[in-house]
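Novice: Sequence:
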Amino acid sequence: MSSTPLASPLACPAPAPSASRLSRARTATRVLFAVLGLAGGAWGVHIPSVKAQYGLDEAMLSLVLLSAAAGAVTSLFTAGRVVAWLGARGAARVCAVVMGALLALVLQWPSLALLLPAMLAFGAAMSLYDVAINAEGSALEALGGTTIMSGLHGMFSLGAMGGAALAAGLLRLEVSPQTQLAGVGLLMAATVLWAARGMLDTHPAPEPDEAAQAQFAWPRGQLLVIGLLIFAGMSAEGVMYDWCVLYLKQEIGMPQAQAGLGYAAFAGAMALARFAGDWLRTRHDEASLLAYSAGLSAFAMAVVLVCADPWVALVGYVFVGAGLAPVVPILYNAATRVPGTSRAAAIASVSSIGYSGFLIGPPLIGAIAHALSLAAAMSVVVISASLLSICAHRIPVARAAPRS
34 MSSTPLASPL ACPAPAPSAS RLSRARTATR VLFAVLGLAG GAWGVHIPSV
84 KAQYGLDEAM LSLVLLSAAA GAVTSLFTAG RVVAWLGARG AARVCAVVMG
134 ALLALVLQWP SLALLLPAML AFGAAMSLYD VAINAEGSAL EALGGTTIMS
184 GLHGMFSLGA MGGAALAAGL LRLEVSPQTQ LAGVGLLMAA TVLWAARGML
234 DTHPAPEPDE AAQAQFAWPR GQLLVIGLLI FAGMSAEGVM YDWCVLYLKQ
284 EIGMPQAQAG LGYAAFAGAM ALARFAGDWL RTRHDEASLL AYSAGLSAFA
334 MAVVLVCADP WVALVGYVFV GAGLAPVVPI LYNAATRVPG TSRAAAIASV
384 SSIGYSGFLI GPPLIGAIAH ALSLAAAMSV VVISASLLSI CAHRIPVARA
434 APRS
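Mapping of the sequence shown onto our numbering: residues 34 to 437, in sequence order.
Worth flagging that the hints you see were computed from the coordinates, not collected in a lab. Any given hint might turn out to be false.
[As the list claims (entries may be wrong)] Straight line, CA to CA, 25 Å or less: simulated SDA-like cross-link-like pairs of lysine to any residue:
#1 Lys-84 x Ser-209
#2 Lys-84 x Val-371
#3 Lys-84 x Gly-123
#4 Lys-84 x His-403
#5 Lys-84 x His-426
#6 Lys-84 x Ala-134
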């Protein structure tokens, strides 16, 4: 790997943006997070549609989800370079077009053999988009002196709730899944192309020792600790996003249109908790916040699995979502404070471990569901959240978050 600093829009010295310019960029970035959530919510509701369309069992469905996760992890090794080359704005636009097109086609492929490489590309575009918008959010926090990362991730969860609720409503109106996903894909691409105009032209120039790590920082030391904690959180979150609707439909017997409300309840709770997260970060110790919230998630999911009741499950999903909400915003931002890396490289580094949770989760869930039951497989959420709660004290000491 070259140690030569990359000449890029992210590393150019530039005058500090004005207050109005920062406000415009914050608004644009909120939209970019919400659009990603909208697409994720629609996809989550239609995972049973993918299962039915291609005649898959749990193990084969896991292979589809594994393909997306493999693409996500693989692209992270070049994410720093790509974001440095295209800029956060350019990377977000390119990835949105790719994701939109592939989401529109996800139920259109004639065979599983074509679906799998499409999902590989979808996952790669998704993770690169994720790095770009998180790097933008971190830069806005640094330039503006206000805590916004939890709120940005709240917009993702709000978008996911809206996407899930929209898909569930359209299913009740008997709009075909193919039409729904085609519409969401087109909407995603168009909205990002429009909103990205408001993103920052440049990010703060990295320090000399950070510039050498603009491409990818191999996770070690503090980055490794943060990455492992993100792995636990994203494993639990990924299982919920990918399997919570199928659990309600298959194990509890809810119709798919109603089961989709479970996804909306989970994502909506995450959104509300994340909007409160920035306020909490300025007033409470981050390690304690993570420990208590992850513990709440583990307990709530255990109750859902033991009771196996539709109403208990929907309420339980609310608490699971609220408990997992602080994990990614706090830990992503903590990674950007580790010296020796650029923002994009630090986020890509810890994400490479975190997204491995998505890589390992699908085949693990599929194998457990195939051998035992999907209900037993969902216990991965309980285990992951419990480990995160127990190990939250390993978060590196950070500077006090700026008050908004």
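Novice: A separate judgement is required for each hint: does it hold in the structure or not?
Specialist: Checked hints:
Pair hint Lys-84 plus Ser-209 holds up; C-alpha atoms about 15 Å apart against a cutoff of 25 Å. Among the hinted pairs, Lys-84 with Val-371 is inconsistent with the structure: their alpha-carbon atoms are about 42 Å apart, more than 25 Å. Of the supplied pair hints, the one linking Lys-84 and Gly-123 is violated, its CA atoms being roughly 34 Å apart against a limit of 25 Å. Proposed proximity of Lys-84 and His-403 is supported: the alpha carbons are some 14 Å apart, at most 25 Å.
Annotation: proposed proximity of Lys-84 to His-426 is violated, straight-line Cα distance about 40 Å (limit 25 Å). Note on Lys-84 and Ala-134: the hinted pairing holds, with a Cα-Cα distance of about 20 Å set against a maximum of 25 Å.
Checked against the numbered hints above, the structure violates hints 2, 3, 5; every other hint is satisfied.
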